[in-house]
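When you get a sec, could you build the whole thing from the sequences and use the hints?
Protein chains: 2
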Amino acid sequence: MIMGFRLRIVAAASLLCAAAIPVLMTGCATARDSRAVARSSSARLDSWREGATRTAIESFVARTTDPSSPDFVPEAERIAVFDNDGALWAEQPMYVQLAFIVDRVKALRAAHPEWESTEPFASLLKGDAKAVAAQGQHALVALVAATHGGMTDEEFRATVRAWLATARHPTTGLRYDEMVYRPMVEVLAYLRARGYRTFIVSGGGVDFVRAFASEAYGIPGDQVIGSTAKYRYEVRDGVATVVKTGEIDFVDDGAGKPVGIASRIGMRPRIAFGNSDGDFEMLAWTTAGQGARLGVLIHHTDAAREWAYDRSSHIGKLSRGLDEAPARGWVVVDMARDWAEIFAKVQ
Amino acid sequence: MIMGFRLRIVAAASLLCAAAIPVLMTGCATARDSRAVARSSSARLDSWREGATRTAIESFVARTTDPSSPDFVPEAERIAVFDNDGALWAEQPMYVQLAFIVDRVKALRAAHPEWESTEPFASLLKGDAKAVAAQGQHALVALVAATHGGMTDEEFRATVRAWLATARHPTTGLRYDEMVYRPMVEVLAYLRARGYRTFIVSGGGVDFVRAFASEAYGIPGDQVIGSTAKYRYEVRDGVATVVKTGEIDFVDDGAGKPVGIASRIGMRPRIAFGNSDGDFEMLAWTTAGQGARLGVLIHHTDAAREWAYDRSSHIGKLSRGLDEAPARGWVVVDMARDWAEIFAKVQ
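Protein chains in written order, with the numbering used here: chain G, 1 to 347; chain H, 1001 to 1347.
None of these hints come from the bench; they were simulated from the model. What you were told as hints is all true, and nothing was included just to trick you.
Simulated restraints, written as ranges between beta carbons of each label pair:
hint, chain 1, residue 1, chain 2, residue 2, range
1, H, Ala1110, G, Ser214, 48 to 54 Å
2, H, Ala1134, G, Ser68, 57 to 63 Å
3, G, Ala122, H, Arg1320, 46 to 52 Å
A virtual CB, placed ideally from N, CA and C, is assigned to each residue, including glycine.
Dropping the structure here:
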């Protein structure tokens, strides 16, 4: 989200309103459940209900890891990529990184009295999300620079981790990292146990995602691709330092996703999971490669346990993907039908 | 080298002249020797002579992997980074990627009759390296675009591999990938066997290095950071494609190296190996981190078995690094003294 917001700016108004979408939560265990799963080597897809979707995933992995199969893929080529927002954790009613930005502006308010009369900070501090959104992308850029810039990457990730430890989702009351999808944490572990390497390819800011990717998903920072700010090397008081500038360098969304993968991984993936039209090009490029390829879209169909949204949503809009998935052979996960559990925090 | 050439452009004249520096080669085995080492899990530093240098490396690794040591480093933080040209393989009398560019221009000559009268191609095809160099960086950019652009990353890497299979070093007559340093291939395997993950951080083009990094060093493409061209997502005849544009996007040299590491790995390394002042900032940032850190400079001191060069060399200039290594606690490898073998291709 430094920034997959190019096309998402119109969403900001509704994002910041934090509409109280009803969510039934039944959980009481801790996020440690998912962390144990993320590290398991005998991983299974236990939170996936039996059916065509689960079978399609298991069958693909079986075929591509069986040396006697015509679809066998050498271990060096077993690359699987995953969108984050809406594919590995919840993205409603606003991207988690945007909630972080809002809270950071509030936390830094006392140190920045000029924000009370400077846009877009003044509108944000008044809770006037529509006014923020009306200022367009440069407003968002200013918010990112103010909340993400000037720190080292290490300081920034520590700030995110401290925020995640205390912030709560507006309607579920859960920690955001308790709202990672248990079935997807299982998929990550399932693939890794079978020689696949798992990468996140997110429109979100790369250092934001890195702050929790290892704990939440078992994915190290160098296997997180995301939107990036420019960094600057500086010698501060004689000490070599790398500082985040907050200036947007690369937007890892839409056509940026295959570009980010080519640049960072240098190999076309075998498997891609996404949930929105921002993942379309990533799935299209992945599944256009020779040999066995798997494209999967998570369709948010569960208004009772999570949210139900697709073609008309400002966040995670999924329309072209639904239209073209059958012809392209992509698997569409029906959350309500296919997932026995949703979140990491389960009974 | 798309392009660490900002400061190296003056070198191009001497580079292209391929000065016949005497090199004594005694080898007759194949590059498979180094490939076996790269994959070994019981790796030892057998090509390193006993002495303070070898002991410094072994001692650092022992301390940082011993849970009872105050210098212990958790496995998730065991990141080691390596320059490529002059640190993992030879860089004299010209960067290997530049030799590739020269050969590609010659190979594409018939398809580009306009090059006979267009600079910088005309001068290069006449063998007038000084005239090429005199045209400055834009000439080099044009050469890179013509030889690296327009292909998919997959096509480009295949082109590099085909070239490496037949090209020979002008004075040793070896394949370039036989001129990887056996002691360094041992260091890579030694570190990996002890839980370190190894990354290349090269001024060279990332896809050029990826074409051989797995075979030569056992390093997968996503653990190669290098200078990058811009990529472009395209739908060609209905098929999703990612194309290299040849337009320079990021120069991974000097202060660009810590920036590249922060952006791609998202963690400050524990160990950095380099050989030139282009690696200075990478070593400075690495060793400025808290806890145990190791910086190593390879000093090319062996005119008999390889090359001897440092402060006045146009390629791989090493001056500030030599001056500041003692005060910064960096280990300086004396190739003539410390390495029992030099190249992967040994007796």
